[in-house]
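Q: Sequence:
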Amino acid sequence: MVEQSTGFGVLSLLVFLPLLGAALVLLTPREAAGLHRVLALATTVATFLVSLWVFAGFQGATYHFQMVEFVPWFPQAGIHYRLGVDGISIWLILLTTLLTALSAWFSVYVRERTKAYMAFLLLLETAMLGVFVSLDMILFYTFFEASLIPMYFLIAIWGGERRAYASLKFFLFTFAGSIFMLIGMVALAKLHEQATGVWSFSLMDIQSEVANGRLWAGALQTQAVVFWAFAVAFLVKCPAFPLHTWLPDAHTEAPTAGSIILAGVLLKMGTYGFLRFCLPLFPDVVANQVPILCALAVIGILYGAAVSAVQPDVKRLVAYSSVAHMGFVLLGIFSLTPTGMVGGAYQQLNHGISTGALFLLIGLIYERRHTRLFADYGGLKARMPLFAALFLIIMLSSVGLPGTNGFVGEFLSLMGAFEASFARRFGLHPAYAVFAAAGVILAAVYLLWMFQKMFYGPITSEENRRLKDLKPWEVALVMVFVVFVFWGGLVPSTFTKPMEASLHAARMMALNPVGQRPDWRNLELEIDPKGNLVRVEPRTREALATPPNYGEVVVPAEKHYPLAKPSAETAKEQPRA
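Note that the sequence shown ends on residue 573 in the numbering used here; no numbers are left out.
Take these hints with a grain of salt, some might be off.
[Claimed, not checked] Heads up, simulated DSSO-like pairs for lysine-lysine below, C-alpha to C-alpha not over 27 Å straight-line:
| no. | residue 1 | residue 2 |
| --- | --- | --- |
| 1 | Lys377 | Lys449 |
| 2 | Lys464 | Lys449 |
| 3 | Lys186 | Lys111 |
| 4 | Lys111 | Lys467 |
| 5 | Lys186 | Lys165 |
| 6 | Lys377 | Lys493 |
| 7 | Lys493 | Lys464 |
| 8 | Lys526 | Lys467 |
Don't read these hints as lab results, they were simulated from the structure.
Model, not experiment: these values are computed from the prediction.
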C-alpha cells in the first residue's frame, strides 16, 4: 500500500522555527547586537511554547509514534521526510527547547560577533530537535551530523585558550563515530530490501520486519556487527569510557551556552540512540552485549569520579563528572529491567538539568572573575551568599540527595542493575551494581570538595573581595533549574509516567521472541498500564490521542526477575526466556 503524504505539521514547525529565527538574525545589521539577542531569545521562547503545544497533544498511554508527518523525499532510494514523537523523545524535546531558551537568555554576556553566535545557537537547536523527531534513518543521520557544525564553531570562535584544539577534537571524534552508524543504516536498508523487495530507511518499516522475524532471518551472523556499528557512534556521543576523551576539552573550552547545551542535550543523543535503534532493531544479540556495555558504564562511573577529584579547574571537574553521570544512564538502560530503563531514561533529563545548571553557575562566576581555577577562589560564601545557596542546591542535586531529581534517576538505575545482576540475567554479576553504587559516594566526595574549595576558607584575592552577588535576572535564570530539581525529586511520576509505555515496548522489542514483539506499524498492539503487551481494537494513527480499550494479553510484562537459585537447583531447571 502506498503511503499518503500528510504534509507538514506541528513537528515541522517545531524543528524549523529556530532555522527561521537564524535567517532573521542573519538579515540584521552586524552592529545591532541588542537586536540579535532579542531575536534569538524570542525565537527560542517561541520554540519552547511550540514544544509545550506538542506535549499538550501527546498521549503517554501508547508506545506508538504520534503526530507522524510523512512527505516523500527520495522514494527511489527509500528515503522520506518522516517525523514523529513518542514517550522516549517527548521529554528530550522539551529539555532541548528549555535549555536553548535559557542559554540564549544567558548569552546577554556575549559581546563579540553576536550575530554569528546567535545564528549558530539557533541552527544548533534545529539540528538537535530534528534528531529527536526523525523516523527516517537518513534524516536522523542528517540532523545528527548537522549538530556538529554549529557546536564546532561555537567552541572554535567563542571558546577558551585551547578552543582550536578542543573544537577539532570534538568534531573528529563524533564525526568518525557516526560513519560506522551510516554503514549500519545502509546495511539495514539492504536487509529490508532482501526481506521485502523494497528499499527503505524508515525506522518503522525496519522495526516491523525485525518484529516478525523476516529482516534477520538470513543474516543472523551479521546482526552483532551491525549492532556495534550503531553502538560505537552512540558510545562516542554519550560519551562512554574509553571514547570520552573529547568531552573534557570540549566542555572546558566551550562558551557557557555551549557547555550547557553540550551537557544537557548533545550527550543525550547517544543514550537516545541506544533506546531508539539498538534495543528495537537487534533483539537476537542485544542481551549478549549487556555485560560489555554495563562494564563500560561502571568503569566510566568510577573513572569519571576519580579523575574529577584531582582537577584544578572547576569546569573541567564538572566535565569529567558528566562521564560518571552518563554511566548511570547507560547502566540503567542496559540493565534491561523496567525499573532500570525508566531510571536511565529519567537520569538523562536529570543530568541535563543538574549539570546544565552547574555550567550556568560556573559561567556566572567566570564572567565576574575570568578564571576557573580553584586556587583563585575561596571564601565566596561571604561575598556572594545567594550564589552560594543556589550553587549548593544544584550541587546536592548532582550528588543525588534524596528529594532532588538526581536521587530518583540514580536510585532507579541502580535498582535495575541490582535486580538484573542478583538474578544473574544477561551474564551480569552483582559486582557491577556494587561498584556502580560506590560511584555515588565518590560523587559526593569530589562535589563537596569543589564546594568547600570555592566557598569556604579565607578570601585571599582582592578581586574576590570586590565581587557582588547575583543580579535579579541571574537569580531568575538559575531558579528555573531549581524548580525542576525539586519537581523532579518530589514528584518524579510527572516525568516518568509518559515514557513508561514506550520504554516497556523497547524492552519487549529487545527481549521477546518473534511473534511476541511490539510493532511500530501494528496499531492493534498496545502496552497497557501494567506493562503487558495487549491487543486493542483496530484504529487509525490519528486515534492514538484517545486511550484504547485494552483486550487480551499477548505477552505479560514480567517486570521482575526471580533471584538466581543455587547452582545445584539451577542445573535442574531451564533458565527463563
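Q: Hint by hint, note whether the structure agrees.
A: Tested hints:
1. Lys377 / Lys449: 11 Å, holds
2. Lys464 / Lys449: Since the Cα atoms of Lys464 and Lys449 sit roughly 19 Å apart, the hinted pair holds (cutoff 27 Å).
3. Lys186 / Lys111: 44 Å, violated
4. Lys111 / Lys467: 25 Å, holds
5. Lys186 / Lys165: Violated, at roughly 33 Å.
6. Lys377 / Lys493: 39 Å, violated
7. Lys493 / Lys464: Measuring from Cα to Cα gives roughly 42 Å; hence the hint is violated.
8. Lys526 / Lys467: 48 Å, violated
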